[in-house]
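Engineer: Using the sequences and the hints, build the whole thing.
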Amino acid sequence: MNTDASLTLRRPFRERSFGLARKFMRVNWLFVLCVCLLAGVGYAALYSAAGGSPQPYAQSQLIRFCGALVLMLGIAMVDIRFIAKLSWPAWVLGVLLLIAVMKFGHVGLGAKRWMTVGGVEIQPSELMKLFLAMALGSYFKRATPEQTGNFLYVLPAILATLVPMALILKEPNLGTAIITGAVGATVMLGAGVRWWWFALLVVVVALCAPIIYHHLHAYQKARIDIFLNPGADPLGAGYNIIQSKIALGSGGFFGQGFLHGTQNQLNFLPEKQTDFVFTIIAEEFGFFGSVAVLALLMCIVALGYYTALSCNHVYGRLVALGIATNFFLYCFVNLSMVMGLIPVGGVPLPLISYGGSALTAVMLGFGVLMSIHVHRDVEFPEREDF
Amino acid sequence: MRRQAKSRTGFTRRALLIGAGQAAVFAAITTRLYHLQVSQHGKYDLMAKQNSISERLVAPERGIITDRFGAVLAGNQQHWNALFVKDMAPEPSVVLENFYRLIPLSDDEKARIQQDLAAHPGYIPVMLKDWLDWPDMAAIEVNTPNLPGVIVQAGSSRTYPLDRAAAHAVGYVGRPNQKEATQNSVLALPGMRVGRTGAEAANDLSLRGSPGFVQTETNVRGEVMRVVAQDNGTPGDTVALGLDTGLQQFAVQSFGDQTGAAVMLDATTGEILAMVSTPSFDPTLFDKGVPNDIWNGWMNDPRHPLLNKATAGLFAPGSTFKPSVALAALKCGALTPDSTHTCPGFLKLGDHIFWCDNHDAHGTINVVTALQVSCDVFFYKTALDTGIDRIAAMATKMGQGVDLGSDVPHVQTGLVPTHEWAKKHGIDWVKGNTVVEGIGQGYVQLTPMAQATMIARVASGLAVTPHLTRRVGGVLQPDSVPGAAPALDVDDQHLAVVRQGLFEVVNTPNGTGYGSRLTIPGVQMAGKTGTAQVHNNTAAEKARNFNDMTMAWAQRPNAWFVAYAPADAPRYALAVLVEHGNFGAQTAAPIAHDLMTYALLNDPAGRDKPLANPPPEPPPTVPQDNSA
Numbered sequence: 001m002n003t004d005a006s007l008t009l010r011r012p013f014r015e016r017s018f019g020l021a022r023k024f025m026r027v028n029w030l031f032v033l034c035v036c037l038l039a040g041v042g043y044a045a046l047y048s049a050a051g052g053s054p055q056p057y058a059q060s061q062l063i064r065f066c067g068a069l070v071l072m073l074g075i076a077m078v079d080i081r082f083i084a085k086l087s088w089p090a091w092v093l094g095v096l097l098l099i100a101v102m103k104f105g106h107v108g109l110g111a112k113r114w115m116t117v118g119g120v121e122i123q124p125s126e127l128m129k130l131f132l133a134m135a136l137g138s139y140f141k142r143a144t145p146e147q148t149g150n151f152l153y154v155l156p157a158i159l160a161t162l163v164p165m166a167l168i169l170k171e172p173n174l175g176t177a178i179i180t181g182a183v184g185a186t187v188m189l190g191a192g193v194r195w196w197w198f199a200l201l202v203v204v205v206a207l208c209a210p211i212i213y214h215h216l217h218a219y220q221k222a223r224i225d226i227f228l229n230p231g232a233d234p235l236g237a238g239y240n241i242i243q244s245k246i247a248l249g250s251g252g253f254f255g256q257g258f259l260h261g262t263q264n265q266l267n268f269l270p271e272k273q274t275d276f277v278f279t280i281i282a283e284e285f286g287f288f289g290s291v292a293v294l295a296l297l298m299c300i301v302a303l304g305y306y307t308a309l310s311c312n313h314v315y316g317r318l319v320a321l322g323i324a325t326n327f328f329l330y331c332f333v334n335l336s337m338v339m340g341l342i343p344v345g346g347v348p349l350p351l352i353s354y355g356g357s358a359l360t361a362v363m364l365g366f367g368v369l370m371s372i373h374v375h376r377d378v379e380f381p382e383r384e385d386f
Numbered sequence: 001m002r003r004q005a006k007s008r009t010g011f012t013r014r015a016l017l018i019g020a021g022q023a024a025v026f027a028a029i030t031t032r033l034y035h036l037q038v039s040q041h042g043k044y045d046l047m048a049k050q051n052s053i054s055e056r057l058v059a060p061e062r063g064i065i066t067d068r069f070g071a072v073l074a075g076n077q078q079h080w081n082a083l084f085v086k087d088m089a090p091e092p093s094v095v096l097e098n099f100y101r102l103i104p105l106s107d108d109e110k111a112r113i114q115q116d117l118a119a120h121p122g123y124i125p126v127m128l129k130d131w132l133d134w135p136d137m138a139a140i141e142v143n144t145p146n147l148p149g150v151i152v153q154a155g156s157s158r159t160y161p162l163d164r165a166a167a168h169a170v171g172y173v174g175r176p177n178q179k180e181a182t183q184n185s186v187l188a189l190p191g192m193r194v195g196r197t198g199a200e201a202a203n204d205l206s207l208r209g210s211p212g213f214v215q216t217e218t219n220v221r222g223e224v225m226r227v228v229a230q231d232n233g234t235p236g237d238t239v240a241l242g243l244d245t246g247l248q249q250f251a252v253q254s255f256g257d258q259t260g261a262a263v264m265l266d267a268t269t270g271e272i273l274a275m276v277s278t279p280s281f282d283p284t285l286f287d288k289g290v291p292n293d294i295w296n297g298w299m300n301d302p303r304h305p306l307l308n309k310a311t312a313g314l315f316a317p318g319s320t321f322k323p324s325v326a327l328a329a330l331k332c333g334a335l336t337p338d339s340t341h342t343c344p345g346f347l348k349l350g351d352h353i354f355w356c357d358n359h360d361a362h363g364t365i366n367v368v369t370a371l372q373v374s375c376d377v378f379f380y381k382t383a384l385d386t387g388i389d390r391i392a393a394m395a396t397k398m399g400q401g402v403d404l405g406s407d408v409p410h411v412q413t414g415l416v417p418t419h420e421w422a423k424k425h426g427i428d429w430v431k432g433n434t435v436v437e438g439i440g441q442g443y444v445q446l447t448p449m450a451q452a453t454m455i456a457r458v459a460s461g462l463a464v465t466p467h468l469t470r471r472v473g474g475v476l477q478p479d480s481v482p483g484a485a486p487a488l489d490v491d492d493q494h495l496a497v498v499r500q501g502l503f504e505v506v507n508t509p510n511g512t513g514y515g516s517r518l519t520i521p522g523v524q525m526a527g528k529t530g531t532a533q534v535h536n537n538t539a540a541e542k543a544r545n546f547n548d549m550t551m552a553w554a555q556r557p558n559a560w561f562v563a564y565a566p567a568d569a570p571r572y573a574l575a576v577l578v579e580h581g582n583f584g585a586q587t588a589a590p591i592a593h594d595l596m597t598y599a600l601l602n603d604p605a606g607r608d609k610p611l612a613n614p615p616p617e618p619p620p621t622v623p624q625d626n627s628a
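Going down the list, the protein sequences come from chains P and S. According to our numbering, the first sequence holds residues 1 to 386 in order. According to our numbering, the second sequence holds residues 1 to 628 in order.
Keep in mind that the hints were calculated from the coordinates and are not lab data. Please note that the accuracy of each hint is not assured.
Stretches of chain S that chain P covers, calculated by requiring three or more beta carbons in the stretch to come under 8 Å of a beta carbon on chain P [as the list claims (entries may be wrong)]: (1) 11–17; (2) 21–28; (3) 34–45.
The structure displayed is predicted, hence computed values, not measured ones. We treat Cβ as the ideally placed atom computed from N, Cα and C, and that holds for glycine.
Structural biologist: Next comes the structure, spelled out in structure tokens:
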């Protein structure tokens, strides 16, 4: 076929593996630049959070980022077909880690989220979102429209989403559980699962919301209550939202200047180096700086979509969509939380917030994304044996 | 391939839709950000500033009180308090234990500290000990490492250099009570004090000043990061009193350990040059908080140290009331300068006998002699002829039993009875009541200050009003301006008659005050003795007369002396009361002599600067003959 021939001509690496140097060239360096720029913004914010000092946040975060960047580029060199083979084992590993964290993990902010593996702090729930996207991508990579229209065919994918969701909910970490579900749903949508199933699901969840609310943990209920009426207890639980909004609002158009944000420098911002790091940028660099950071975040999401859309294999498309959506949801939840749009939940701002586990998880995802980008033209075998 | 292409188109469509949704969400977030950061910037900027800048009012420094020459009577000094911030201590209970070991506190105090710690958030400092002394300070300094969270802070407190000597005149300050603090928010500031008595109370508003402020940038725990702006406010005005420190201290010494009061006025302006009430008290205790044992001591002391006897002690004036009776009689014509009464030593009214002093028969005498020898019978008769309403009217003119509107706080008006008063109080006024009022006994009760006013008015012929304050913020007060006092509405000739009588009291050998005549060449004092009974003597006591040193202290008569000098050009007017001092001539007159001598030699009246060459110490009192 003519189209096939032209495709073949334009895509010389379709069937062959190619050299490391060529692969390196194919990395989306614009994407890497955006990631590095965001890490730079993060360094500045953490430097300011410490009152104008690289200690204790900025420097260690920079070291972590450098390590994570190497990890990302390393993964980008790995053949996506090999990664695809690891999808389900990764999912199983993720579920096992979630179970392990329930048994052996340590408590932070009222939930068992973290555990230490070989001296490295990990949050299995962060990894799980990536593993879920990979598993679903693998599941749907050869699905036909007929299959994706068949509920019984989709059911295992739904179960593969619900199992980790339930485990994360049990931690308890409502925010990440919802993001996990949303990532799974997005991948399924991308795979061709019917829209109206999801519409139905949203309706059902909306109807069940009061029942769910009833079964939420006290601190989760409190967050929702405070979100609905932050003024009720300005020095108690509503404090975070109010102080955060004050920080954003006092920034104005050009901000109060680097290291001159009173909310930040005088410690009015709660958890400012982690979940509320955006308020530092907003306060000290104003609307101007905030929009610049938003633009960078959007670039990363958009470049994720670019990878998804330019990818020639379904696995890559679905996983890239899942990773981009995961990153988007991270940003969305964090920013909305900071602006008082949704209830507060321990979701950091990726690449900027202080903390290793979220950064590692995100960069791991970006590694996979870059691998997809580098290997966007490879062909998957019609059949494979696991 | 076609199927794959179709699926890819579907994916692209779906992915773009999802991506568009996400882009829309980013747009929404940007809009929200614009709303918060740009549209509502003003609101949140203000909130941020309020968050970080805390403005605190600072109590102004209380104005100082000086005597007329600028010597400090009430000043300010820093003192040090130990406070405890629980949040700064890893183990608060251990720190408190350490503190108690260094500075032992009573169980009550410890309980109060526990209560305060429980009542306030951990970052609010709690007072451990007020008024640290130097050993305590040193102990805390040395043990700082064992006392995390214990901070030493400066406070301001009042000092009274004259201590007890001027406690009643200068007064004292106290912490504002709840009611005052709610009515005037400035008083709610820590460190604010309110004048409670004396000049502190009289000039409280001038002394207060207006508060300043400190703007500090604080962090979320309220810890001060830096001071943004500071204004110390306006300290209170300096108030100069008419008092002369030297005279005041000399007066206190003159009393020794006798109980009583003395008031010396500038006879031409009414300025109070000295105001003494003994025994006295430590005025600083009210600022610190009066310990229970001291308070109970004051309350149970029969000599009432807290009472300013000069302004609030009510005493029968005895014979010192006679000048007013004489003036009233002269005014209504019951007496002329030459008219006489005969004194057989007693007056019989119905079946009651009113004795003259010492049962002496003074013979036929006129008013001048009656004053000179203090004949009671003469004044029994004069009072009967004059009537109490006329006496009361004259007494009022002399400043007795009337509210003069002076700046002196807590003044007892006293009482000069009238028929109307008697009726109102259901008293059946009989002639006998009038008789005893003629000699300042019975219902009539007056303060030493009222008597000082009376004698100043007799002396100067001016309606002077006694007052403490001479200058506020350097400005001479209107009533201290020479010539400001209006003329007294009393016939000059009548005044001259009374003055002659008072002159003879001191300067003629028959006068009751002759023993206390001045020894300064060319200067004479005029005065009047008074010996006022404080209880109804039994028949047996009367038979022996009541001059009996064997009587219980509280039963003995009060001794009075009122005086002015120089007799020919009066400048100093003085009332001295020695409680239960028996005869006026015996105990009160010598004090008057000493004070008058001191005043004449140092001549403080009308001056803001002391004499260039202060005279030597006043000569010793002339030996007394106790034959008053």
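Engineer: Now, for every hint given, state plainly whether the structure supports it.
Structural biologist: Hint-by-hint comparison with the structure:
1. Check result for the segment 11–17 of chain S against chain P: holds, 5 residues qualifying (beta carbon to beta carbon below 8 Å, three or more required).
2. Look at the segment 21–28 of chain S against chain P: 4 of its residues bring a Cβ nearer than 8 Å to a Cβ of that chain, three or more, so the hint holds.
3. Restraint check on the segment 34–45 of chain S versus chain P: 9 residues with Cβ-Cβ distances below 8 Å, three needed, restraint holds.
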